[in-house]
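Novice: Kindly generate the complete structure, drawing on both the sequences and the hints.
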Amino acid sequence: MSKVVTRFPPSPTGHLHIGGARTALFNWLLARNKGGKFILRIEDTDLDRSSKEMTKSIIEAMEWLGLTWDEGPYFQTKRFDIYQHHIKLLINQGKAYYCKCTREEVDEMRKKAMDKGEKPKYDGRCRELGLGPGEGRVVRFKAPLRGETVFNDLLKGPIAVDNRELDDFIIKREDGSPTYNLAVVVDDATMGVTHILRGDDHINNTPKQVLLYEALGYQVPKFAHVPMILGPDKKKLSKRHGAKSVLEYKELGYLPEAVLNYLVRLGWSYKDQEIFTLEEMIKKFSIKRLSNSACVFDPEKLKWVNSQHIKKKDKRELAILLRKYLANQGIVTQDISYLEKIVPLLQPRSHTMVEMAEKAKFFVIEDEKIEYPKDTLEKFLTQEVKAHLVELTNRFSSLEEFSINSLEDVTRQYLEEKNIKFKLLAQPIRICITGQTASPGLFETMEVLGKDRTLNRLNRALRLV
RNA sequence: GUCCCCAUCGUCUAGCUCGGUCCAGGACACCGGCCUUUCACGCCGGCGACAGGGGUUCAAAUCCCCUUGGGGACGCCA
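Numbering (the working numbering), first residue to last: 363 to 827.
Fair warning: there could be bad hints in the mix.
[What the hints assert, rightly or not] Okay, derived cross-link-like pairs now, DSBU-like style, lysine-lysine, Cα gap no bigger than 35 Å in a straight line:
#  : residue 1 : residue 2
1  : K457      : K478
2  : K612      : K650
3  : K645      : K665
4  : K703      : K723
5  : K473      : K450
6  : K650      : K721
7  : K686      : K650
8  : K478      : K418
9  : K399      : K440
10 : K473      : K457
11 : K396      : K606
12 : K399      : K646
13 : K673      : K596
14 : K783      : K741
15 : K518      : K396
16 : K418      : K741
[Claimed, not checked] Label-pair distances were calculated between CB atoms; the ranges are:
#  : residue 1 : residue 2 : range
17 : N821      : D771      : 19 to 25 Å
18 : Q581      : E422      : 30 to 36 Å
19 : F784      : N654      : 53 to 59 Å
20 : N654      : Q691      : 40 to 46 Å
Source of the hints: derived by calculation from the structure; they are not laboratory data.
From a predicted model like this one, the values you see are computed outputs, not experimental measurements.
C-beta: ideal position from N, C-alpha, C; glycine also.
Specialist: Below you can see the structure in the form of structure tokens.
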């Protein structure tokens, strides 16, 4: 049994987006599941559109997601001599040829073919000319004129294409650089890639690539074409849909494991399970359970998945993350152990880390910075309520142990004495100590805040009205 | 236009390989209710789909064909 080798080959013409991340994930998962190898390869043969910044961004995104690679990153621009060698091989064997047709001429041919009701193609006019290299010339692959090219897709089964649908595609550009189809094949073959999982928008490329493998005498790898991710309008996901880069989700407060979890469920399933840890994903992943129809990206569900992972995540790790997201909102604190106490109160209430940071604010800022929205104090702190709160604050202050239990005990006792309902005082207290009408449970909040700050806030608010 | 792929609730999907256990299960969203000091969480319930038509069969979401619909590809982009 030979080792499974997969790869992810992004082209650095844009950020790593959701669709790319999912493809990377599937390949990574397969490699990890089989104890194989996962390669990262940067496909930067398009010199004009590729950039260093995007390469950096993609790598950063991969690292953030935790999709670790065992080899690479390789850069195609550093492998030009390898491609050159293979191209020469094909030419020498009469399997490829130089073509002197201009772009305009080719356009013309394509138009003609269209008019005849055929697929737009190059008509092969230089095919038998035996041309040598020269200014403005490209190299084309000599595709078979008849017969069919078949490959067995691991997901969709055998796919056969009539060779008349293919044309003599370019493998080497005017400027000498290799084109995509040649470069992938040479790379995958020489890197020993055994399994290729990619979007099914590549199905049409596959016959060409199979032909190339055969012409070069390489073994054809196994292909699995996974359905694509569509926008809500059922069109290919793009910036139109705010098809954000993966890194944007980081900014928005998503956990990498949640993004991965959501992505894996888009086009893959394991019975009725929705939430997976990384380990579970690796253990349970199999090509067989990939679905074969396109799916629509649903931000709402992503959010829910994220909230589930927030609930599960280690408090300390969350506290560290929370500190970063607070800093993004301009609130700097070094006190991780304090944040660690806040986290459990916020876990069930936060769908994203950004949300958690917002909800954590009042815990962290100074007492004097608590702002009371206009009129709320007047509205909630009526004379009657105020009198109660003054008295209650007094009792709080005489508490030795400032805990949920002690706090609740004094309060209940007070309510009983005065024969009033907690409802009468709850919101007013909340307003005083948080400045908000919504917050975690009052006693928990007070405990976390601590005696000093709680009393301070209570007194300050009471004074203001 | 030509070729290729796909087709279960609004969305993600289970079930389809080995037809009966499916008047189709789960999840998100949505709508009720419960819990409750607010907001959430959680729990309970509801809404909601086998694209259509033909076959095959005692029996089809499951197999076959056609239609329709959707998506993708047709580049000196990847």
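Novice: Which hint numbers does the structure go against, in order from smallest to largest?
Specialist: Of the numbered hints given earlier, those the structure breaks are 6, 7, 8, 16, listed in rising order.
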